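Visitor: Quick note: the sequence shown uses numbering that gives the first Met the number 0, first residue 0, plus one each step.
Since the hints were made in silico from the structure, they are not lab data.
It is possible that part of the hints are untrue.
[To be verified] Here are the simulated DSS-like cross-link-like pairs (lysine-lysine), alpha carbons at most 25 Å apart as the crow flies:
{"id": "1", "residue 1": "220", "residue 2": "178"}
{"id": "2", "residue 1": "220", "residue 2": "174"}
{"id": "3", "residue 1": "176", "residue 2": "244"}
[Claimed, not checked] Cβ pair distances, simulated, as ranges:
{"id": "4", "residue 1": "246", "residue 2": "291", "range": "17 to 25 Å"}
{"id": "5", "residue 1": "291", "residue 2": "77", "range": "18 to 26 Å"}
{"id": "6", "residue 1": "332", "residue 2": "179", "range": "33 to 41 Å"}
Predicted model only: the values in this text are computed from it and were never measured.
All residues carry an ideal CB built from backbone N, CA and C; glycine is no exception.
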Amino acid sequence: MKVDNSVPFGVVALMCAHAAFLTPYIVLVHGERTNLFTSLLTLATFFVVVFISRRTFSDFGGWLWSSWEPCAWLTLGGLVVLSGFLSPERTASLYRSFAFFAPAFAGYWCGRVLLGDAFWQRYGATLFTALFAVLALGQIVYGAGLAFIAVHHHAMANMLIVLAVGPLTFFIRAKTKGKRIIWLGMLSLGFWAAYLVGSRFTILLPFVLLPLFACFGCIRKRYTCVATVIFLGVAVFFFFQNPSKMLHLKNYESIFYRVEGVPTAAHIAKQHPFFGIGLRASRAPYLEDYEMHSDLTDRDTYMRVVRNNVTSDNMLSTMVVGLGLLPTLLYVAMLAVYGRRVVSSFEPAQCGGLDNRMIGLALFSCLIHFTIQDGLLYPQLSWYFHLLLGVASAKEGLHADI
Numbered sequence: 000m001k002v003d004n005s006v007p008f009g010v011v012a013l014m015c016a017h018a019a020f021l022t023p024y025i026v027l028v029h030g031e032r033t034n035l036f037t038s039l040l041t042l043a044t045f046f047v048v049v050f051i052s053r054r055t056f057s058d059f060g061g062w063l064w065s066s067w068e069p070c071a072w073l074t075l076g077g078l079v080v081l082s083g084f085l086s087p088e089r090t091a092s093l094y095r096s097f098a099f100f101a102p103a104f105a106g107y108w109c110g111r112v113l114l115g116d117a118f119w120q121r122y123g124a125t126l127f128t129a130l131f132a133v134l135a136l137g138q139i140v141y142g143a144g145l146a147f148i149a150v151h152h153h154a155m156a157n158m159l160i161v162l163a164v165g166p167l168t169f170f171i172r173a174k175t176k177g178k179r180i181i182w183l184g185m186l187s188l189g190f191w192a193a194y195l196v197g198s199r200f201t202i203l204l205p206f207v208l209l210p211l212f213a214c215f216g217c218i219r220k221r222y223t224c225v226a227t228v229i230f231l232g233v234a235v236f237f238f239f240q241n242p243s244k245m246l247h248l249k250n251y252e253s254i255f256y257r258v259e260g261v262p263t264a265a266h267i268a269k270q271h272p273f274f275g276i277g278l279r280a281s282r283a284p285y286l287e288d289y290e291m292h293s294d295l296t297d298r299d300t301y302m303r304v305v306r307n308n309v310t311s312d313n314m315l316s317t318m319v320v321g322l323g324l325l326p327t328l329l330y331v332a333m334l335a336v337y338g339r340r341v342v343s344s345f346e347p348a349q350c351g352g353l354d355n356r357m358i359g360l361a362l363f364s365c366l367i368h369f370t371i372q373d374g375l376l377y378p379q380l381s382w383y384f385h386l387l388l389g390v391a392s393a394k395e396g397l398h399a400d401i
């Protein structure tokens, strides 16, 4: 018996809209920087979907509980909570642990069970496209004048990347040249919005993706050359307009903080290898005997930056230090399995829904971005990242003819 999942989809759509615009935004614990409200909404969305779609979940039940996935997720959640509980900054770290795990768990399973159906993926593609257009146009027209735009440029760029799955899906499936131009124009609006917000990552990302596309035969070499020239011109103009974003080695915080952050993480991990120090604990007390591994800056300058920043601008280093090796290795192993599923889903032809190749592109771009920012500590980004991961790794319904 097929269950009408229109209400669960509506709940997920509302959650996606909130995650894109962070509106409304309610501070649940005054003085706490962690976005607990969005994190709580993701978990509430999961439970609402489970309750309303209980027949759908029961159809999956036998397979799910005979697999490793529920056990792995519950184990990860337990390890993350234990890490926060053992932290010297217990309360703040527990809040941040919740903000890390809840959106990931809820996003993955909502994507896996609800949006694993290609019928609802079609509506999902439309939803993503609408949110992408509103977010991009809002940034272009109003800039920081709107409350939901007032986020860090890394978060804005990452949000545009995940939402771009919608217009990319319509672009790649467009049958006429006119439609492709329309969708390309919408994607250009998103790129322009990221340009205006000052996202150096978005400006440089094409120089990583285009060679990969060419190597795997996803785009013709002549188109690759033309696109490279265009993006090179955009990059030159961007850095001419924003000279402060020009990369240089010596005493440049954006560089030395990330380069030195890797050995710093290893140094702290040796002291607390299994469950880390908590996601909100200061790293400075564990670095009193730390010796610099590069000459990009002096130790005093580096330690000043460390004291002003609780986490490193690298998701893996942040997890190793904050959560410890046990939760980190388990999570990385799960991502590896899901990544294999995503790649294996590229081949079968899809008649509708989100295009798996575009989902893979967005997820891969996010992983690149996570090397220079702690993206999964933003609940809204974690929700979208894992939602797409759940969609692409769904067991049934991905390639259904609709």
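Visitor: Does each hint hold? Answer for all of them.
Guide: Going through the hints against the structure:
{"no.": "1", "hint": "220 <-> 178", "result": "holds, 23 Å"}
{"no.": "2", "hint": "220 <-> 174", "result": "holds, 22 Å"}
{"no.": "3", "hint": "176 <-> 244", "result": "violated, 37 Å"}
{"no.": "4", "hint": "246 <-> 291: 17 to 25 Å", "result": "holds, 20 Å"}
{"no.": "5", "hint": "291 <-> 77: 18 to 26 Å", "result": "violated, 37 Å"}
{"no.": "6", "hint": "332 <-> 179: 33 to 41 Å", "result": "holds, 39 Å"}
Checked against the numbered hints given earlier, the structure breaks hints 3 and 5 and satisfies all the rest.
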